[in-house]
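Q: The lines below spell out each chain.
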Amino acid sequence: MTRALYISLALVMMCCAHRALGEDLVIGSKRFTESYILGEIATQIVRSAGQTTVHRQGMGNTAILFEALKTGQIHLYPDYSGTVARELLHSDATDLDALNRGLRPLGLAAGLPLGFENTYALAMREERANALGISRISDLAPHAELRLGLSHEFLQRSDGWPGLRARYALPQRAVGLDHGLAYEAIAPGQIDVMDIYSTDAKIGRYHLRVLVDDKNYFPRYDAVFVYRLDVPRRFPLAWAALTKLENSIDAQSMIAMNAKAELEGQSFADVAQAFVSARFGHATASSTGAVWWRRVFGDDFARLTVQHLLLVAVSLALAVLIGVPLGIWAARNEAANQAILAGVGVIQTVPALALLAFLIPVLGRIGIIPALVALFLYALLPIVRNTQSGLRDIAPSLRESAIALGLPDFARLRLIELPLAARAILSGIKTAAVISVGTATIAAFIGAGGYGERIVTGLALNDHALLLAGALPAALLALLVQLLFDLLDRWLISPGLRR
Amino acid sequence: MIEIEALSKSIQGKCVLAPITLRFAPHRTTVIIGPSGCGKTTLLRLILGLSVPDRGRVSLQGEQLAATNAQRLRSQVGYVVQDGGLFPHLTARRNVELMAAYLRRPADQVHTRCAALAELVKLPLDRLERYPSQLSGGERQRVALMRALMLDPPVLLLDEPLAALDPLTRHALQTDLAQIFARLSKTVVLVTHDLHEAAYLGDEILLMRAGRVVQRGTLDDLLERPAEPFVTDFIRAQRADARLSATRSRLG
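Each protein sequence line maps, in turn, to chains A and B.
Read in order, the letters of the first sequence are residues 1 to 499 in my numbering.
Read in order, the letters of the second sequence are residues 1 to 252 in my numbering.
The shape of chain A in the complex, shown without the other chains:
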């Protein structure tokens, strides 16, 4: 008991310590490799300037990041000028002045152009391009025999193939291809030209030449940071360090970094650290470089723990509130029994990810709500079944003794049957709780947070240490929950039932 107390005290203290350290600069990133890396680079630069910082990795799409920035949950994140212009300001003007005119009223700004852009582009195999003497998109026009394999999205978009074809008067016909397959098709020469993002990790591996957009058809997608206007004032040291990033990354470096992460399986932190130390010379404390357990108790530990516990506690409480009465009903009514046990049994056979995928459209949202619903549904079976069997296993002589005493129905349930079944019910709740701690890691796939966030990121980054830094606390938490319920058993269950 004292041990559990110490552990929970330690958790509370960690939360407090986390709060007391002064304000963190919070950096966000979107859910794709390049954004993770840029976010991590900024984080390490800021940290090396002596500013405490939190990198909220892979938060979601542009809309989510922009919302987080506006509400102050994050202070800055990497984005692209064209994205900011089109998706956020609904304009075509992509130069920084135009962006800032649009952002200023929102209390935001864009700046620190990093020196590369990540736009749509066309690419060919290096040797084929060489043979034909092609380096610009206009060079394609004389070669009507070239086969173009373009992604379906690019084929459809008004700023994609139809406009491009018109601008450059291209004679070729294009076939639609899955983007991932296009690389496999271009390598053996089944197609000659494909559309890419200009910093795709695979550009180097497949020896592709990115064709110059000599008629400036594609909008500018310069990599920049979008930040809250008060960041330079509130975090002067960090800002001074960040300005060094201006024009420090060219497209080749970015492609190489993307490749290291995506194709070689290096962690984002390692990729960023290699860049920062090569470019700026100082060895920053990369998270992988740090002692591993420090990663476990990293900046996000308190937040993830609280999220994880909340997911489990709320869903479990709901499952108890619904599951125990269902179990009672099942125990007392044969017709209901079949239907209820079949129902909760079927739910259990649905894979967790499928259930989440199903719940998102049904509930019309992602995040905590569908995660809670899914965890609640999974917790039902052990609770319902143990309640039902706990009640049914009561010796008939005891049940009849209670009737013979003259206790009315509800009083019998409350005073005799539920206390007698309490042990079975509690162990059902324990099973549900322990399973819930494990299943809750999956909730991170739909943005509900918890330790799963590290597991999901670790999977995405091929970062086994990070994956473990998520899996281990989850496992420990499961043990802790088990311990807690063993204590509850000792407190709640009558000593008369224990021998």
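Hints may be right or wrong, so weigh each one.
[What the hints assert, rightly or not] Pairwise CB distance ranges (calculated):
#1 A:V306 x B:A116: 54 to 64 Å
#2 B:G56 x A:P325: 33 to 43 Å
#3 A:P495 x B:A116: 24 to 34 Å
#4 B:A116 x A:I493: 29 to 39 Å
#5 B:L184 x A:I493: 42 to 52 Å
[Claimed, not checked] Over 12 Å on every C-beta distance to chain A, these chain B residues come out as not near it, computed from the model:
#6 D83
#7 L86
#8 N95
These are calculated hints, taken from the structure and not from any lab test.
Using N, Cα and C, we set each Cβ at its ideal position, and we do this for glycine too.
Start from chain A and add chain B according to the hints.
A: Same frame as chain A, now just chain B:
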């Protein structure tokens, strides 16, 4: 007082109780005896309304038993089963006081009553704070008897209350039961398969076989005026059994 009129019951198509009409007079102890499966336990369960008869009526204290009044009538009846039927999650005291506490009787009154009952059934007071699993078989039956008597019901039903006890404990409890019945002078119906116990505890004996009453009377009636040959056979078998076990215990 218990009145039974044309009561019958079948379980899974098999008749366990032929239509029976009986009256158990107040302040008398009637012992129902008979071989296993003769319907004696079924009869007791029907009286309590634990089982629903196919036909016929049960009246307790002049009131006919029905689903609507069963709960109220049950508090007029104390019930003790073979293994005591004590609730394992409650201490002996909580078992005894359960119903009184549920009915919100004043606590000091309940405690006084509990102490008096402990004295009546000769249970040391410290046993009351123990859980059933911490009591001996005989103590458990004494607690069960206390629980049955807590609300001072006019009727007491006991279903083989001594069957699970070792011979010494059984003998001690038998003696005590006889005294208690005499002192309380309630309408007692006790089911057993032991003729000696029946003769010792009962004002009269009711011998059953295959769902019907074979003979009702004192042991002397049964011995001297058997209603049918089965009565004599049953008594002879019981006596042989008793002699055999007496021989065995001498040899052992």
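Q: Run every hint past the structure and note whether it holds.
A: Verification of the supplied hints:
{"no.": "1", "hint": "A:V306 x B:A116: 54 to 64 Å", "result": "holds (58 Å)"}
{"no.": "2", "hint": "B:G56 x A:P325: 33 to 43 Å", "result": "holds (38 Å)"}
{"no.": "3", "hint": "A:P495 x B:A116: 24 to 34 Å", "result": "holds (27 Å)"}
{"no.": "4", "hint": "B:A116 x A:I493: 29 to 39 Å", "result": "holds (32 Å)"}
{"no.": "5", "hint": "B:L184 x A:I493: 42 to 52 Å", "result": "violated (37 Å)"}
{"no.": "6", "hint": "D83", "result": "violated (6 Å)"}
{"no.": "7", "hint": "L86", "result": "violated (8 Å)"}
{"no.": "8", "hint": "N95", "result": "violated (9 Å)"}
Checked against the numbered hints listed earlier, the structure breaks hints 5, 6, 7, 8; every other hint is satisfied.
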